[in-house]
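Colleague: Chain by chain, the residues run as shown.
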Amino acid sequence: MKTSFIKEELLFQQLATAFENVVIEIVRKETVFVYASKEFVLPILLYAKEKLGYNSFSHLSCVDWIENDEFELVYIIWSPETKINLFVKTRIDRQNPTMENTDMIWRQINTYQREIREMFGIEFPGFVGEKEFILEDWEDVPPMRRDFDTLEYVNDTFFEREGREDKQDVRERIAKRSGEEIPDFAKKYSRE
Amino acid sequence: MYNDNNAQTIVEYIKNFTRKNSLFMLAYGTGCGAIELPATLTSRYDAERLGVRGAATPRQADLLLITGYLSTKTLKRVIRVYEQMQDPKYVIGFGSCTINGGMYWDSYNTIKLLDKYIPVDVYINGCMPRPESVIAGFKELQRLIAEGKADGATKYKENLDWYRENQKKVLKNWPLVEYNW
Amino acid sequence: MNTILFQLSGALATILLAFTVGMFYGGIRRKIIARIQNRVGPPIYQNFLDVIKLYSKDTSIHHGAMQHMGPVFAITASITSLMFIPVLNGDGWFWFKNLNFSGDLIFLVYMMVFGSLGMALGAGQTGNPNSAIGVTRGLSQMVGYEIPFVMSMVALMAQFHTTSITGLMNIQMQENTWLMFSNPFAFIAAVLAMLGMFHYSPFDIVHAPAEVASGPVSEFGGKYLGLMMSSGSIFAFVKLTLFVDVFMGGAANLIELVIKTFALYLIPVLYGVVSPRYRTEQAITYFWKWPLFFGILAILWASF
Amino acid sequence: MNSLILLLILVFGGALLSYLLNKFLPILRDGFVVLLMLLVNYVFFTMDSATQIEFEIGGIHLQWAFSSAAFLFGIIVSILGLLSITYSTAYMQGKDRLGYFYMNFLFSIGSMLGILMSRDLISLFFFWEIMTWSSYLIVIYSGKDVDKRGLKYIVFSAIGAYSMLMAIVIIYGFTGSFLLTDIFDSIFAIKASYQLAIAILLMIGFGVKSAMMPLHVWASGAYSGSPMSFTALFSGALSKMGVFGFSLVLFNLVSNQNWLINEIIAWLAAITAVLATFYAVIQSDAKKLLAYSSIAQLGYIVIGLASGTYLGVMAGLFLAVLHAVFKGTLFMAVGAVEKQAGTTDMTKVSGLIRKMPWTFTASLISIIALAGIPPLGGFVGKWMLYEALITSDHYYLVIMVFLSSTAAFLYSYRILFGLFLGQEEPEFAHVKEAPLPMLIPMLLLSGISVLSGTFPGFILEPIQNAMVSFGFDPRLPNIEWWQLSVLFNSWGDKVVLQNVMISITAVFLIALTLITWKGYKKQRYVTTKDISSSGEIIQAEDNMTFQIDFYKPFERAIWPLLKRKIDDYYTDFGNGLEALFDLVKRIYNGNGQFYAIYVMAFLALLLIAGTKYFGF
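If you read the protein sequences in the order shown, they are chains H, A, P and G.
In terms of the numbering used here, the first sequence opens at residue 1 and continues consecutively.
In terms of the numbering used here, the second sequence opens at residue 1001 and continues consecutively.
In terms of the numbering used here, the third sequence opens at residue 2001 and continues consecutively.
In terms of the numbering used here, the fourth sequence opens at residue 3001 and continues consecutively.
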């Protein structure tokens, strides 16, 4: 049976008429992606909440696209009427990562922004929140960035029990099995 | 009584006997091991028959259970709790995470070797150790206490500088309160 | 027969008796709870081991003079009220006379709260907020259960025109009856109040370990906790003996005493094992419903 | 000179002199008032008990003398007066209008002595009014909330004064004399209903001062609002004037047939005690708490007096003396905290025990006495009260008293915990122990609390003398005061106070020695920040104090009782009166024509009624 995308199409139309410089993609049923540049995120979120009834904020997450030298921020919001998950995605510069503060729309964004600030080092100007979220006294590179060398840090900081030196790298085998390539930046983790 | 190399006076013997048979434990539910404790304490395995019972605060406790992985953030509190306990006191490390890091061997915020930071009297192996092994651990600790060998606290006092150095390496900006009892 | 040395040794013997009996009762309680939960449970002498271990533990810190004195207040109250309670009735064993004839029921009721208030002061000085919360819960709950208890005591005093415990015991000896049959409502009210007095479940919100980290005793370890456990077991004996003396005709010898007190002790223990925990205001209103009703009935029964 | 006149001249003259001294030589003022009160005490205690003076002013025969009952209350007034004025010299340091304060202070002491010595109703009323006004002037001394606190106090005092005046007029109308001795002789000749009316009117007059329900609403504001040095006297001695008046009425003016009035008063006092205790429990200001607690304690005293039995009256008077002692100490201690720490709000101040150890000791002793816990004096009073009520078949009153005094443990603990125990907050780190002139009166008074628990004889003997004058037979054994140790109730049951004391002291000392002896060398003090708190290291700025909503669970349980305050009823009554006056104003609207209509209507009504009932 052919799936009909009536409400998704409607959303597409509404967003397309309201905003010009955005790319909208209907991924599957009840899932719509919106790719926007960073200054459009706040208007889209506001518009979706106030006009289209997307009043439930689900998630804010961050992806480190180290290959493109970018961070991707994903805001997931949801409407109880249309039951559509609306993904608002934006990419920001990795060298100077700042993003607009959006916690005035939904208060719970506060927590996500604190986490992202701590784990990825993305600043939210104008955002007032507790400085520390999970980590205490962290001085190194934010640990969720992919250029943070976990193993080196662990070897420097923590002790090692004798007899656990073999440390076979299973990633190589997994990569070979699934036919993928380990990217260059991750090569240095391998033990050989 | 136990072996001749380790002759004890009668007072010491009584003390050790009561200590071994009355362990007030502070179960510091740090990791997944905490879920094994209800089973250990309740009807099926019944640790209370060995004299093990829960204590609510470190002031009353004899035995500190580190049940599983310890993040550096938790380590601070564990050290504090350990130092608030009164002598004589014992520590049991639960599971492979406390022994060698276990599955968190390369985690940036989980310590791998508990006995570098606080003295551990008994380790219980496993991921997680089942209640049977937990009780075996209690038994082992009781044997050590009876023989007067569970002297982790004394070791900690004697090598305080060494322990402090290790702790400071992980806990950089944390005010470690002076330990002097 | 009346030298000071004799009296002192009698007092010591009474204290030892109360301590031993109270400790064993505590152990038996743990055993009973364990058996009901289908466990083996600790040996019944487990509490002795606990106390000896606690005394042998180091206690290298204190939070000030009042904390130091808190457990002392508690044990003082226990031992002093023990001294004023007739352990055996009639001539009994002369050793256990102590100061029986120097106080009466009103005095005892007041003496019995001395300890908890002193203990509360000790807990207060530690500065631990959990202690203070536990204390407020305990004192509030005390207002609840003291009222039906005192009502039943007043009913007895009114019925037999005496306020002394020995007087009540003598009446039971002469009339060859137990006061629990002479004034059953008073007995019911007193037993319901006793549930609260023992601070066992469902009235154990005072030191609920999961809520307030054992409440008033959360900063007490080592010798302090040991002293308090001893005081608690002596106090349990005091309460049970008081009930036996007043309602069950006292005991002619130690074996009878043990049987009667144990039978009474089973009531709060068994009621507690199968009960969840009341909140403080629920506990207060619990005592101000049926127990209060029975207390009023008891006084009416006594005055007509 | 007659020592009664000397006493009055000393106090009232001294009052005026202290005002002048404050104006011209303020440096001598403090020494002067203390010396003056010492002198007053000297004169009072060396006075011959038969001293009497009679004179006539404007045809009215007046008589002054100290009866033995009055002497008992006089002891409270003079000693507490001396101690509280000593305390004032340090407590009032640095405040302005001290001449005003000391003048009124001495005026109220003098008027109290005047009330006690007057043996006729006119001088009693005269001194009563001086007392009311001088205390009112001190209540409004601080100048805060005058319209609420001061107005309430003066309105209720005025109600009391008017009903007293009415009673005096009725008495004079029937007996033709103001002299108490004449009245006591002839009062029982008048009709019982008038006797009852007189008694009730006088009770209202005295009940206001002793803060009996429903006349108690002024007390919490007035007690907590005046300077603590005066409140010690206010609650300790001034309210006892009401108790003194009660004793006059109950034992001399009410015949034995009118047992109902005793019951009513006892029950009113019991309800006062219970409700005031509940209110005290939920207060968070130490002053307010003590004020409500005073109301409750006065309830016990009145219950004792109203029970009418030997032991009950003795309990009432004993508690009256002891209440002056321990409540005086407590108000002084709270005043010391206020002076040193700047606030008595228990949600703010905490952990002063190490800063003010002696103040704490005094308050601890007084609290133990207040709670009635053996072996201190309060227990003796409570014991006698219970025994008296039980032996005289007042079973439900016993329960009420017991409920009140069990709930009193709650606020007893609250005040000690709130001010002295708990977390030591850094903002009170600067607090120092109170100066000596404040400490000495507190410690002396708490010494009396301790002593009276083991040797109650030295208080019971003057009480017995007073009770003989009320017509009771002396029942205390004829021995020295330090030998009196056994108290009996009327069923022959007893408590041996010295055994209690010896037993408690011995056990306490032995246990304390044992617990201290074990490893005391290794033991060291840690601050209250070093507590077990799930491993967190508590920093100095972390607030770990538990003070707000302290007895919330208890409050929830007793909430049905506290929902309607009696204060609200008075407010409603006041609002109702306002509406009534509004209506009256609408009738008297100043329009002549309306008045003419009213007159016509009235005449018509008269005409109709007259023809119908009187037939003209």
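The hints are simulated quantities; they were obtained by calculation from the structure and are not laboratory data.
Among the clues, some could well be false.
To be verified - In silico DSS-like cross-links for lysine-lysine, where the CA-CA straight-line distance does not exceed 30 Å: (1) Lys131/H / Lys1015/A; (2) Lys3148/G / Lys1149/A; (3) Lys3095/G / Lys3144/G; (4) Lys1015/A / Lys1073/A; (5) Lys3144/G / Lys1157/A; (6) Lys1149/A / Lys3521/G; (7) Lys51/H / Lys131/H; (8) Lys1073/A / Lys3529/G; (9) Lys131/H / Lys1169/A; (10) Lys3095/G / Lys1116/A; (11) Lys1169/A / Lys3148/G; (12) Lys1073/A / Lys1169/A; (13) Lys1116/A / Lys1169/A; (14) Lys3585/G / Lys3148/G; (15) Lys3144/G / Lys2289/P; (16) Lys1015/A / Lys1116/A; (17) Lys3563/G / Lys3529/G; (18) Lys3348/G / Lys1015/A; (19) Lys29/H / Lys7/H; (20) Lys1157/A / Lys3339/G; (21) Lys3148/G / Lys3348/G; (22) Lys1155/A / Lys3522/G; (23) Lys1155/A / Lys3521/G; (24) Lys3023/G / Lys3522/G; (25) Lys1155/A / Lys1139/A; (26) Lys131/H / Lys1172/A.
Colleague: Could you work out which of the previously given hints the structure breaks and list their numbers from low to high?
Modeller: 1, 2, 4, 5, 7, 10, 11, 15, 17, 18, 20, 24
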